[in-house]
Amino acid sequence: MAPEHLKYTNQHEWVKVDGNVATVGITDHAQHALGDVTFVEMPKSGRQVAKGDEACAIESCKAAAGIYAPAGGTILEANQALQDDPSLVNTDCYGAGWVYKLKLSDPGELAGLMDAAQYEKFLAEQE
Amino acid sequence: MSCKTVLYDKHTALGGRLVDFHGWVLPVQYEGILAEHRHCRAAACLFDTCHMGQILICTSCPEAISLVLTQDAPGLQVGKAAYGFLLNEAGGIIDDTVLMRLGEKEFLLVVNAGTAEGDYRWVGEHLKSAAEIVNRSAEGWAKIDLQGPQAARILSPLTNVDLTQLGYFRVTTAKVCGKDCILSRTGYTGELGYEMFAPGDAIVEMFDAILSDRQARPAGLGARDSLRLEMCYPLHGQDIDPGTNPIEAGLGFFLKSQHDHIGSQAVRRIAAAGPGRRLVGFACETRRRCSTGDRIMHQGRQVGTVTSGAFSPSLEVSIGMGYVSADLAGPGQDLEIATDRAFIPAKLVEKPIYKQGTCRTKQLL
Chain A
-6 MAPEHLKYTN QHEWVKVDGN VATVGITDHA QHALGDVTFV EMPKSGRQVA KGDEACAIES
54 CKAAAGIYAP AGGTILEANQ ALQDDPSLVN TDCYGAGWVY KLKLSDPGEL AGLMDAAQYE
114 KFLAEQE
Chain B
592 MSCKTVLYDK HTALGGRLVD FHGWVLPVQY EGILAEHRHC RAAACLFDTC HMGQILICTS
652 CPEAISLVLT QDAPGLQVGK AAYGFLLNEA GGIIDDTVLM RLGEKEFLLV VNAGTAEGDY
712 RWVGEHLKSA AEIVNRSAEG WAKIDLQGPQ AARILSPLTN VDLTQLGYFR VTTAKVCGKD
772 CILSRTGYTG ELGYEMFAPG DAIVEMFDAI LSDRQARPAG LGARDSLRLE MCYPLHGQDI
832 DPGTNPIEAG LGFFLKSQHD HIGSQAVRRI AAAGPGRRLV GFACETRRRC STGDRIMHQG
892 RQVGTVTSGA FSPSLEVSIG MGYVSADLAG PGQDLEIATD RAFIPAKLVE KPIYKQGTCR
952 TKQLL
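Sequence order for the protein chains is A and B.
According to the working numbering, the first sequence is numbered sequentially starting from -6.
According to the working numbering, the second sequence is numbered sequentially starting from 592.
Be aware that one or more of the hints could be misleading.
Claimed, not checked - With a Cα cut of at most 30 Å, we get these calculated DSS-like pairs of lysine-lysine: (1) A:LYS55 <-> B:LYS671; (2) A:LYS55 <-> B:LYS595; (3) A:LYS55 <-> B:LYS601.
Claimed, not checked - Over 10 Å on every C-beta distance to chain A, these chain B residues come out as not near it, computed from the model: (4) LEU609; (5) GLU680; (6) HIS717; (7) GLY791; (8) LEU826; (9) ASP851; (10) ILE861; (11) GLY867; (12) ARG886; (13) ALA901; (14) ALA929; (15) ALA933.
FYI, nobody ran anything at the bench for these hints, they're computed from the structure.
Model, not experiment: these values are computed from the prediction.
All C-beta atoms, glycine included, are put in the ideal place defined by N, C-alpha and C.
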């Protein structure tokens, strides 16, 4: 089940909001679909992104995918632990496998995100 | 419409993630590509290879076979296997194959899934009355590969064959689990390993018996691909095809036949002139992936194209193969791979990329 305290995008990212800082990762559904993650691109701190921009890329044995910004803002930091061990995205996608933190320009841009129940319903409809 | 192999129910029961591969439903992975790859290098994995074509050729005139294949069929001893090609007149690779001599008059030709039908027709048309040709795959014959340093230890208790007497690229009739089969010490991973050819019901029994050994795990097409790429074994349809020839693919070593065969004049001509491009192996400086179709760059100029790319679990970087201008195709050459997302620095390496494969080991057990 998707954790209750997170918000979700229809690109299968999760977002944890803490004041004006958002932490972004990929969902369990996404990591399962990707398979073994072999590389996570580290977005540069200080980079400005607009809502919907590709913040960085994630790659597995089978595929490459973009991770998108759920709102506009400035990249604060990337999870450096993923450089040495990208498999954290598979083993702990909602915890140690977080990908980057974003300082939000306008937290109101997150209003359209799904909550856990909506995301589960969204997944069920995609089956 | 995809065909299910005789092992389809096993794959679903084992949690295999199924995909279509040249018209066959096969697992791309079970527990995960990386774990399966590493387990094959460290212990042993079992692969469903029922999709591969099995063509039985019976002839009292092996010279006829040497007209359509680059292998030296008359010179191949009973009990030996040889790698080689079906070529077109231009020297292009219609398919890469393994020819096994089962008896004085009996040969088994093992071919790729996507080309099996065409190969069967091609061989039939050219051999005409000189041989009796049987499409064994169409008669329900199946195949599994057990690959890894533990393969002989796992297989020994299940077979009547003394595996210490079965060297690399040797083949024999055998009993495995009490069932008749053809057993060869061959494979596509670079590890010590065996391929078993038998009717479907026997293969299902062997599959279960082998997996009852805790050291043997099932593996899918994903690991099979990264294992073969670490060894720089070409994949037909990707690294080689009718538009490429064995010389530029670096496979001239396998053109040993003294006989004239279809394409022999062309490949001699290409070898004498020297190919304009060569199939190289490369290792990237990072884990970032490259894939088929990516451009290979040198000083801002495209000098080649990637034919296969994968993450190498053994080297912990991304690796690949591709065709590069012959003047830049030497090991140690620095190049860049241009993907649609990044430029990845890479270095050409001596083939194989992975050098610790156990396929030729003499220490079996």
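Hint by hint, here is what the structure shows:
1. For the hint pairing LYS55 (chain A) with LYS671 (chain B), the CA-to-CA distance comes to about 36 Å; that exceeds 30 Å, so the pair is violated.
2. Taking the CA atoms of LYS55 (chain A) and LYS595 (chain B), the gap is about 22 Å. The hint holds against a cut of 30 Å.
3. At roughly 23 Å between alpha-carbon atoms, LYS55 (chain A) and LYS601 (chain B) fall within 30 Å of each other, so this suggested pair holds.
4. Remark: the non-interface label on LEU609 (chain B) is consistent with the geometry, its nearest Cβ contact in chain A lying 13 Å away (cut-off 10 Å).
5. Against the 10 Å criterion, GLU680 (chain B) stays outside the reach of chain A, whose nearest CB is about 38 Å from its own CB.
6. For HIS717 (chain B), the shortest C-beta to C-beta distance to chain A comes to about 39 Å, beyond the 10 Å cut-off, and the non-interface label holds.
7. The Cβ of GLY791 (chain B) lies farther than 10 Å from every Cβ of chain A, with a closest approach of about 29 Å, so its non-interface assignment holds.
8. Every C-beta of chain A lies more than 10 Å from that of LEU826 (chain B), the closest at about 16 Å, which supports listing it as non-interface.
9. Its beta-carbon lying about 44 Å from the closest one in chain A, ASP851 (chain B) satisfies the requirement of being farther than 10 Å from that chain.
10. With 10 Å as the threshold on Cβ separation, the claim that ILE861 (chain B) sits away from chain A holds: the shortest Cβ distance comes to roughly 35 Å.
11. At the 10 Å boundary, the C-beta of GLY867 (chain B) stays outside the reach of chain A, the nearest C-beta of that chain being 31 Å off.
12. No beta-carbon of chain A comes within 10 Å of the beta-carbon of ARG886 (chain B); the shortest separation is about 16 Å.
13. With a least CB separation of 7 Å from chain A, ALA901 (chain B) falls inside the 10 Å interface cut-off, contrary to its annotation.
14. No Cβ of chain A approaches the Cβ of ALA929 (chain B) within 10 Å, the least distance being about 14 Å, so the stated non-interface status holds.
15. Non-interface status of ALA933 (chain B) relative to chain A is broken: a Cβ of that chain comes within 10 Å, the nearest being about 8 Å off.
Violated hints, listed in ascending order, are 1, 13 and 15; each of the other numbered hints is respected by the structure.
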